[in-house]
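Assemble the complex: chain A is given as a structure, and chain B must be docked to it using the hints.
As given, the protein sequences belong to chains A and B, one line each in that order.
Residue numbers for the first sequence follow my numbering, so the first one is 1 and each next one is one higher.
Residue numbers for the second sequence follow my numbering, so the first one is 1 and each next one is one higher.
Derived by calculation from the structure, the hints in this document are not laboratory data.
C-beta atoms are modelled at their ideal positions from N, C-alpha and C, and glycine is treated no differently.
Be aware that one or more of the hints could be misleading.
DEER-style ranges, computed between Cβ atoms [what the hints assert, rightly or not]:
id, chain 1, residue 1, chain 2, residue 2, range
1, B, 155, A, 283, 25 to 33 Å
2, B, 174, A, 202, 25 to 33 Å
3, B, 72, A, 126, 51 to 59 Å
4, A, 21, B, 22, 48 to 56 Å
5, A, 246, B, 132, 53 to 61 Å
6, A, 175, B, 133, 51 to 59 Å
7, A, 4, B, 187, 33 to 41 Å
Far from chain B, some chain A residues (derived; all Cβ distances over 10 Å) [to be verified]:
id, residue
8, 80
9, 116
10, 138
11, 150
12, 215
13, 241
14, 251
15, 268
Partner residues are not named here, just some residues of chain B that face chain A (Cβ under 10 Å, in silico) [as the list claims (entries may be wrong)]:
id, residue
16, 82
17, 94
18, 111
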Amino acid sequence: MSLTIRETLLAFRRAPLLSVLSMTTIAFALFVVGLFGLVALNLRTALADIEERVEVVAYLIRGTPVEISTMALGDIQAFPEVASVQYVSEDDALERARRQLVEFQGVFQDLETNPLPASLEIRLKPGFRDEDHVRQVADRLRGFRFVEDIRYGREWIAKLDRLRDIGAAVGLAIGIAFALASVIIIGTTIRMGVLHRSREIAIMRLVGATDGFIRRPFLLEGALKGAVGGAAAMGLNYAAYLAVDRTLFDSVFFSRAEAGLIVLFGTALGFLASAQSVRRHLARV
Amino acid sequence: MIRFTNAFKAYPRGSLALKDASFHVGRGEFVFLTGHSGAGKSTVLKLIYAEEFPTSGEVRVAGVVTSELRRREVPRLRRRLGVVFQDFRLLEDRTAEENVAFALEVTGARRGTIAPKVMRVLAQVGLAAKAQAYPRELSGGEQQRVAIARALVNDPHVLLADEPTGNLDERAARGVVQLLRDINANGTAVVMATHNLELVRQAPYRVLELQDGAIVYDSAVDEVRSNVGGQRGGTVT
Chain A
1 MSLTIRETLL AFRRAPLLSV LSMTTIAFAL FVVGLFGLVA LNLRTALADI
51 EERVEVVAYL IRGTPVEIST MALGDIQAFP EVASVQYVSE DDALERARRQ
101 LVEFQGVFQD LETNPLPASL EIRLKPGFRD EDHVRQVADR LRGFRFVEDI
151 RYGREWIAKL DRLRDIGAAV GLAIGIAFAL ASVIIIGTTI RMGVLHRSRE
201 IAIMRLVGAT DGFIRRPFLL EGALKGAVGG AAAMGLNYAA YLAVDRTLFD
251 SVFFSRAEAG LIVLFGTALG FLASAQSVRR HLARV
Chain B
1 MIRFTNAFKA YPRGSLALKD ASFHVGRGEF VFLTGHSGAG KSTVLKLIYA
51 EEFPTSGEVR VAGVVTSELR RREVPRLRRR LGVVFQDFRL LEDRTAEENV
101 AFALEVTGAR RGTIAPKVMR VLAQVGLAAK AQAYPRELSG GEQQRVAIAR
151 ALVNDPHVLL ADEPTGNLDE RAARGVVQLL RDINANGTAV VMATHNLELV
201 RQAPYRVLEL QDGAIVYDSA VDEVRSNVGG QRGGTVT
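Here chain A stands alone, though its shape is the one from the complex (with noise of 0.2 Å):
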């Protein structure tokens, strides 16, 4: 193992240069998926800032008793998708009204009786957010007799998943674009290397070195280069988000584990793209 590390250290000694060049082409291919990545995560973000506004509305009929309301909200509390209920009464609508509609204050204050009528308030999990549940929800208010209205903006609801479904889609095909450019590079960063060192590979087999012990060296270069590669394109994916945090909006970073992902990403790569070099270098010679 020692052999492999001093024969691994040498190598960055031997090419200092191409190794430079190789972590900072990985570095970089990494920075672009990375960057990618940021602007899905902050569309996700920002998407699920949006759907917790995703709210079902059932409009009472005048004069329900409130402990029959409040009774339903238990069974309604039990439904599945739900996340939270809450009864607003027609005093409490009436007050808020007025709170938000400041410019019909005068409207307000002229009523002899209030007009609005009681409501349930329901939010949905997430995953629920959906026009399929929120309509299945709907429905099944429906079936309670005290109901006389639903509301849950049903277009803008339509919209917002089909906003979901093309951002998912172009994520996932770019995302993959990105990784498979990204692989692409690597390899060919790494099979430069292997290629510089052709004539120590072919010294290594006439002396009678296995394939195993040519490859070891190979393979935990192409680790670290990932290794290092995959940190410095982090460093460079937080410089990215610093910039954009402080200069045009909040934004949001990846979490310690997704950094680490992304990293662990490079290295398994490097690692990979070494293995399948050495492999088919060995294979010619």
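This is chain B only, laid out in the frame that chain A set:
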């Protein structure tokens, strides 16, 4: 030790590099392989160290039929052979000592045993004082001695030398051949490919001559005919 039986070698899209070669090299023997460039000398050596395999026929080295070897078994065979080349094939960024030690390290030799063994073979080739020198700091003859030391360090049964004097001046060439003779005197078989007939003339060893891939002369077999003259066109005397 080495036995070729009706061995043919054809390279893809090339002509026959070896035609129906049959010969035997015994334990401790010294054999010169001669012939013009492209006659098939290197092919014979490559077939011995399993860099190439016969298209038909059989090559047996140290009791092993090379074409029956699995890929992972080839290194084990090579550790029983030593190979040196015209261009030395040393690792430029390692000292003479490290170049020789490398051949032991790849075999998984214990670290403690490596240094004394390396120094012993470097002393044997007369380079103990230059153990820390890099190849670029050594003359051609010295570099070839390092290559020979590397080939010797695993105590091979056979030393294969492909034009080992091709890049050397006459004095260095004679020194290298003398070294190979000393190694042979210690019991290691030597197969040396060369087109330097002067060197061949100076050593009383068996000669195998190749022409267009065919063995046209084997002094062990044809000596009598050779002595009466005219049979071999006078290439080797």
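**OP:** For the hint on residue 111 of chain B, just tell me whether its beta-carbon gets within less than 10 Å of chain A.
**Re:** holds (9 Å)
Original post:
Between residue 246 of chain A and residue 132 of chain B, is the Cβ distance one that fits in 53 to 61 Å?
Top reply: Holds: the Cβ-Cβ distance is about 56 Å, inside 53 to 61 Å.
Subject >> chain B versus residue 251 of chain A - minimum CB to CB distance exceeding 10 Å, so not interface >> reply: holds (47 Å)
Original post:
How about residue 82 of chain B: closest beta carbon in chain A under 10 Å, or not?
Top reply: holds (9 Å)
Original post:
Does the Cβ distance between residue 21 of chain A and residue 22 of chain B fall inside 48 to 56 Å?
Top reply: holds (52 Å)
Original post:
Has the hinted range 25 to 33 Å been met by the Cβ atoms of residue 174 of chain B and residue 202 of chain A?
Top reply: holds (29 Å)
Original post:
Can the suggested window of 33 to 41 Å be confirmed for the beta-carbon pair residue 4 of chain A and residue 187 of chain B?
Top reply: holds (35 Å)
Subject >> residue 155 of chain B paired with residue 283 of chain A, Cβ distance criterion 25 to 33 Å >> reply: holds (31 Å)
Original post:
Beyond 10 Å from chain B, beta-carbon-wise, is residue 80 of chain A?
Top reply: holds (58 Å)
Original post:
Per the hint of 51 to 59 Å, is the separation of the Cβ atoms of residue 72 of chain B and residue 126 of chain A within bounds?
Top reply: Distance hint for residue 72 of chain B, residue 126 of chain A holds at roughly 54 Å.
Original post:
Hey, does residue 150 of chain A actually stay past 10 Å from chain B on C-beta?
Top reply: holds (72 Å)
Original post:
Does the claim that residue 215 of chain A lies outside the interface with chain B hold up, using a Cβ gap greater than 10 Å?
Top reply: It holds; residue 215 of chain A is separated from chain B by about 12 Å at its closest Cβ, greater than 10 Å.
Violated hints are absent here; each numbered hint is respected by the structure.
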